[in-house]
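Colleague: Each chain, written out:
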Amino acid sequence: MDELEEIKATFFMECEELLADLENGLGAMESGSADGETINAVFRAVHSIKGGAGAFGLDPLVRFAHVFETLLDDVRSHKVEVTAELVRELLRAADILADHVQAAKSDGVADEARSADMAAVLESLSADGQSAAAVAHPAATPVVFAPIPSATADNMGGEFKPMTVSLMSFDEPAPVAASEPWTVTFRPKTELYRNANDPLLLLRELERLGPISVVIDEASLPLLQDLEPEAAYLAFTVTLDAPVQQTAILEVFEFVDGDCDVDVSGGVAAPVFDLAALLAAADAAPPIAEQGAAPAFAPMPVANIAPPPPPVVETAPPPVPEFSGALAASIKTPSPQQQQAKGNSAPEAQATIRVDPERIDRLIDLVGELVINQAMLAQRVIESGLASSSSVALGLDELEQLTRQIQDGVMAIRAQSVKSVFQRMPRLVREVANMTGKQVRLVTEGEATEVDKTVIERLGEPITHMLRNAIDHGLETPDERRAAGKPIEGTVRLVALHRGGRIVIEVSDDGRGINRKRVFSIAVEKELIAPDAVLTDEEIDNLIFLPGFSTASTVSDISGRGVGMDVVRRSVQALGGRISISSKPGEGSTFTLSLPLTLAVLDGMVVDVAGQTLVIPLTAIVESLRPKPEEVKGLGPQGAVLSVRDTFVPLVDIANALGFRAEKRLPSEGVVLLIEVEDGGRAALVADAIQGQRQVVIKSLESNYRQVEGIAAATILGDGRVALIVDVDALVAMRKRDTNRSPEPTLIAAE
Amino acid sequence: MTEPNVNLLDRRELISFRIGEQEFCVDIMAVREIRGWTPATPLPQSPPFICGVINLRGAVLPIMDLAARLGFATAETSARSVIIVVKVGERMIGLLVDAVSDILMITDDMLQVAPDVACDRVRSFVRGLISIDSRMISLIALDRLLPELEQLAA
Numbered sequence: 000m001d002e003l004e005e006i007k008a009t010f011f012m013e014c015e016e017l018l019a020d021l022e023n024g025l026g027a028m029e030s031g032s033a034d035g036e037t038i039n040a041v042f043r044a045v046h047s048i049k050g051g052a053g054a055f056g057l058d059p060l061v062r063f064a065h066v067f068e069t070l071l072d073d074v075r076s077h078k079v080e081v082t083a084e085l086v087r088e089l090l091r092a093a094d095i096l097a098d099h100v101q102a103a104k105s106d107g108v109a110d111e112a113r114s115a116d117m118a119a120v121l122e123s124l125s126a127d128g129q130s131a132a133a134v135a136h137p138a139a140t141p142v143v144f145a146p147i148p149s150a151t152a153d154n155m156g157g158e159f160k161p162m163t164v165s166l167m168s169f170d171e172p173a174p175v176a177a178s179e180p181w182t183v184t185f186r187p188k189t190e191l192y193r194n195a196n197d198p199l200l201l202l203r204e205l206e207r208l209g210p211i212s213v214v215i216d217e218a219s220l221p222l223l224q225d226l227e228p229e230a231a232y233l234a235f236t237v238t239l240d241a242p243v244q245q246t247a248i249l250e251v252f253e254f255v256d257g258d259c260d261v262d263v264s265g266g267v268a269a270p271v272f273d274l275a276a277l278l279a280a281a282d283a284a285p286p287i288a289e290q291g292a293a294p295a296f297a298p299m300p301v302a303n304i305a306p307p308p309p310p311v312v313e314t315a316p317p318p319v320p321e322f323s324g325a326l327a328a329s330i331k332t333p334s335p336q337q338q339q340a341k342g343n344s345a346p347e348a349q350a351t352i353r354v355d356p357e358r359i360d361r362l363i364d365l366v367g368e369l370v371i372n373q374a375m376l377a378q379r380v381i382e383s384g385l386a387s388s389s390s391v392a393l394g395l396d397e398l399e400q401l402t403r404q405i406q407d408g409v410m411a412i413r414a415q416s417v418k419s420v421f422q423r424m425p426r427l428v429r430e431v432a433n434m435t436g437k438q439v440r441l442v443t444e445g446e447a448t449e450v451d452k453t454v455i456e457r458l459g460e461p462i463t464h465m466l467r468n469a470i471d472h473g474l475e476t477p478d479e480r481r482a483a484g485k486p487i488e489g490t491v492r493l494v495a496l497h498r499g500g501r502i503v504i505e506v507s508d509d510g511r512g513i514n515r516k517r518v519f520s521i522a523v524e525k526e527l528i529a530p531d532a533v534l535t536d537e538e539i540d541n542l543i544f545l546p547g548f549s550t551a552s553t554v555s556d557i558s559g560r561g562v563g564m565d566v567v568r569r570s571v572q573a574l575g576g577r578i579s580i581s582s583k584p585g586e587g588s589t590f591t592l593s594l595p596l597t598l599a600v601l602d603g604m605v606v607d608v609a610g611q612t613l614v615i616p617l618t619a620i621v622e623s624l625r626p627k628p629e630e631v632k633g634l635g636p637q638g639a640v641l642s643v644r645d646t647f648v649p650l651v652d653i654a655n656a657l658g659f660r661a662e663k664r665l666p667s668e669g670v671v672l673l674i675e676v677e678d679g680g681r682a683a684l685v686a687d688a689i690q691g692q693r694q695v696v697i698k699s700l701e702s703n704y705r706q707v708e709g710i711a712a713a714t715i716l717g718d719g720r721v722a723l724i725v726d727v728d729a730l731v732a733m734r735k736r737d738t739n740r741s742p743e744p745t746l747i748a749a750e
Numbered sequence: 000m001t002e003p004n005v006n007l008l009d010r011r012e013l014i015s016f017r018i019g020e021q022e023f024c025v026d027i028m029a030v031r032e033i034r035g036w037t038p039a040t041p042l043p044q045s046p047p048f049i050c051g052v053i054n055l056r057g058a059v060l061p062i063m064d065l066a067a068r069l070g071f072a073t074a075e076t077s078a079r080s081v082i083i084v085v086k087v088g089e090r091m092i093g094l095l096v097d098a099v100s101d102i103l104m105i106t107d108d109m110l111q112v113a114p115d116v117a118c119d120r121v122r123s124f125v126r127g128l129i130s131i132d133s134r135m136i137s138l139i140a141l142d143r144l145l146p147e148l149e150q151l152a153a
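Going down the list, the sequences are from chains A and B. Those letters in the first sequence? Residues 0 to 750, per numbering that gives the first Met the number 0, in order. Those letters in the second sequence? Residues 0 to 153, per numbering that gives the first Met the number 0, in order.
I should point out that these hints are in silico values taken from the structure, not numbers from a laboratory. C-beta: ideal position from N, C-alpha, C; glycine also. Just so you know, not all the hints are guaranteed correct.
[Claimed, not checked] If we take Cβ atoms under 8 Å as the criterion, some of the chain A residues that face chain B in the derived model are:
{"no.": "1", "residue": "657"}
{"no.": "2", "residue": "659"}
{"no.": "3", "residue": "661"}
{"no.": "4", "residue": "662"}
{"no.": "5", "residue": "664"}
{"no.": "6", "residue": "665"}
{"no.": "7", "residue": "694"}
{"no.": "8", "residue": "720"}
{"no.": "9", "residue": "721"}
Could you build all of it, start to finish, from the sequences and the hints given here?
Modeller: What follows is the structure in structure tokens.
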């Protein structure tokens with residue numbers, strides 16, 4: 000039972016991938032960059048889902064997939080022309096198929112009415128009524144195993160009627176004619192069953208191509224006592240009398256490719272039939288070899304070949320009481336060649352492996368410990384006064400390099416491409432587009448960009464929000480676009496890229512841009528800013544991130560779900576990320592989200608502050624400098640600014656901001672770290688001294704304690720002590736809030 | 000988690016320790032380890048009874064000054080101060096105490112309710128009193144020590 004569940008879980012996992020392939024393929028078709036292979040891939044995806052679903056008896060899913068597949072098959076064979084209209088319907092169908100998969104996964108029920116409507120549409124689009132008719136009763140006709148009359152057939156109990164080697168229509172090497180039926184020998188390997196495939200389904204698939212008769216070849220079946228319950232022993236020979244292409248037959252076996260041996264012969268375009276030779280070579284064991292070597296493949300009674308050794312019959316267990324001894328004897332002796340063949344069919348090395356993520360997480364934790372330990376060791380060596388040229392110190396250097404490599408390697412294992420997030424978006428875009436009545440084309444770039452799993456998991460929500468916003472607020476209605484002389488279809492671009500050790504996600508639209516006047520007046524109306532505030536365009540754009548800000552005059556169903564951009568910004572900041580927006584009136588807006596590549600390690604600057612050791616994320620630091628007393632200017636009763644190359648940057652004393660020290664100190668006595676905060680502004684953090692740059696392992700404070708404002712996380716330094724990692728954005732925001740009575744123009748005065 | 004068992008005769012083991020002149024104890028099942036004092040890294044914006052965090056084999060462990068938490072003066076840490084690492088729910092926390100005294104074996108019927116005259120703070124943190132060899136030992140309700148942190152976090 001558990002095993003079945005496990006296989007089912009694998010199936011659903013594969014479904015996710017297949018749905019993604021489907022989506023990708025249809026996307027390519029939509030953009031016109033599809034070739035024959037794309038359409039094949041699309042077909043294969045639906046086909047594979049159907050196949051797997053059939054094995055688990057997920058009927059609604061199978062039914063829908065079948066209709067879908069039928070249409071795709073017609074598309075593939077050019078019976079149905081690819082039009083924009085068609086692709087749109089296919090995309091909708093893909094969504095419903097995904098719903099079905101989801102429903103099946105959660106044992107729920109998909110929206111049947113919607114599904115039925117869609118199925119009807121798909122049927123109407125498919126090539127002819129015949130396919131529609133077939134659709135109505137998918138796989139309704141059970142496969143009939145048509146046995147070949149044989150001398151031994153009568154002796155057989157059970158429901159399979161074995162025949163030795165059935166080559167019914169190839170008694171003699173018949174000339175290949177157009178009317179020749181196809182002979183398909185299909186020998187499943189153990190893997191096929193292990194992957195939850197069922198030969199019956201494949202045979203049903205074949206039956207869809209035309210009338211078939213199937214003969215089972217149980218020649219490899221060992222005695223029951225030798226039988227491995229999970230091994231594959233049976234082969235099937237199918238005679239298919241239908242004028243189909245060989246590729247059509249091979250496609251039936253497409254998704255069990257590698258898990259079975261398939262040989263298709265006869266038919267229209269088949270090469271000279273050589274199955275006899277093949278079999279002769281494969282079955283060199285005496286009883287079968289004799290037969291294989293026979294010039295003509297006349298089915299002959301097995302009993303004639305090997306006389307029944309009575310003891311064998313007696314040992315045959317009750318379930319097959321009438322099991323022919325003769326048959327048993329002939330089966331019992333697998334030929335060396337057969338064994339050889341079995342060995343060759345061992346699973347090929349897979350390109351990817353699936354690993355329980357917990358194992359990797361554990362590994363990453365351990366490597367984190369290793370890094371800390373290595374740092375502690377290094378510190379002890381330095382403390383012991385060994386020369387840096389000593390062999391211990393040199394060995395330690397090598398250890399450090401290796402540790403870092405291991406860490407990078409392990410992190411790379413957990414890295415995933417953003418594709419898994421991006422591929423969920425086309426559907427969202429379609430839905431939002433439908434709801435708003437806008438026409439939207441989503442263009443994605445950089446799907447292969449990799450980030451740590453911890454980041455991937457947190458990307459979906461902000462991207463969803465940014466896309467919703469771009470479509471709902473950014474893009475104009477088709478009428479407005481036409482009036483503005485733009486293409487009716489709006490374009491939303493979703494781009495991922497690596498920049499400066501961070502991942503950057505951009506969502507841009509070619510819509511109307513931000514109406515700054517309106518944003519400004521709303522911000523004033525909501526008392527987020529003073530009516531006489533003087534703000535740059537950029538500052539106005541970023542007002543939309545303020546808590547309680549929403550420009551939609553009516554709370555729409557899409558963007559206004561009670562979650563504003565302020566919440567998005569906060570969740571992004573919690574991850575050490577930044578989000579900002581830039582906009583050009585009439586041309587569109589761009590949301591830019593940047594996040595660290597991992598939430599497991601961080602490159603930081605280690606500084607001393609009031610006797611404490613703190614870590615400042617390196618990504619935030621622009622430069623460090625020692626200010627001269629005359630460069631520090633007081634501003635108001637509390638504030639001070641630092642003059643850096645003729646611009647004034649607010650000074651934030653870390654010790655004061657975090658409450659480590661109450662009294663003020665002159666910034667010129669310490670060092671100043673010039674940092675960039677998420678809205679593009681700058682601040683100058685005052686520390687006592689800089690220790691150096693280090694990669695640190697991020698440790699959560701929340702797991703045993705709670706979040707602390709101004710602190711992003713903790714880490715463990717070389718001396719084994721805990722050091723806190725500063726959340727610079729929060730620190731600056733705190734400082735601004737504390738001094739918001741000062742005359743500095745503050746954006747984040749809202750509370 | 001360490002709620003008293005309904006079975007009154009259930010035996011349990013407790014670890015007793017001293018804070019100033021008074022004796023307290025916690026259920027031994029909640030105790031993960033006992034370790035010597037190491038200087039903690041102070042946390043900004045934390046209540047006075049949180050000394051800071053220390054490194055417990057790679058995990059960041061907050062240290063609570065139990066004396067301060069119970070309303071005594073903030074503990075003076077010395078080389079003899081002890082940290083009792085306890086698990087409360089899913090969290091681990093270190094309790095700073097003056098010294099660990101011994102392990103007690105009691106049955107639930109030995110547990111007396113704290114008298115009404117006790118102040119609210121005592122009543123909220125003390126699950127009951129135990130009298131052994133004319134000593135009075137207060138059983139700490141560990142699960143009550145932490146929830147306030149959640150409120151602070153909100």
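Colleague: Hint by hint, note whether the structure agrees.
Modeller: How the hints compare with the structure:
1. Here the hint on residue 657 of chain A is kept, as its CB sits about 4 Å from the closest CB of chain B, short of 8 Å.
2. Annotation: residue 659 of chain A was flagged as interfacial toward chain B, and the flag holds, the nearest CB pair being 7 Å apart, inside 8 Å.
3. Taking 8 Å as the C-beta contact cut-off toward chain B, the hint placing residue 661 of chain A at the interface is violated, the least distance being around 13 Å.
4. For residue 662 of chain A, the shortest C-beta to C-beta distance to chain B is roughly 16 Å, which exceeds 8 Å, and the interface hint is violated.
5. Taken as an interface hint, residue 664 of chain A does not check out: its beta carbon lies about 17 Å from the nearest beta carbon of chain B, beyond 8 Å.
6. At a threshold of 8 Å, the smallest CB-CB gap from residue 665 of chain A to chain B is about 22 Å, leaving the interface hint violated.
7. The interface hint given for residue 694 of chain A is violated, since its Cβ lies 16 Å from the closest Cβ of chain B, which is over the 8 Å cut-off.
8. A cut of 8 Å between beta carbons decides the hint on residue 720 of chain A: the least distance to chain B is about 6 Å, and the hint holds.
9. Evaluation of the residue 721 of chain A hint against chain B yields a held restraint, the C-beta minimum of about 4 Å falling below 8 Å.
Going down the numbered hints, you'll see the structure goes against 3, 4, 5, 6, 7, while the others check out.
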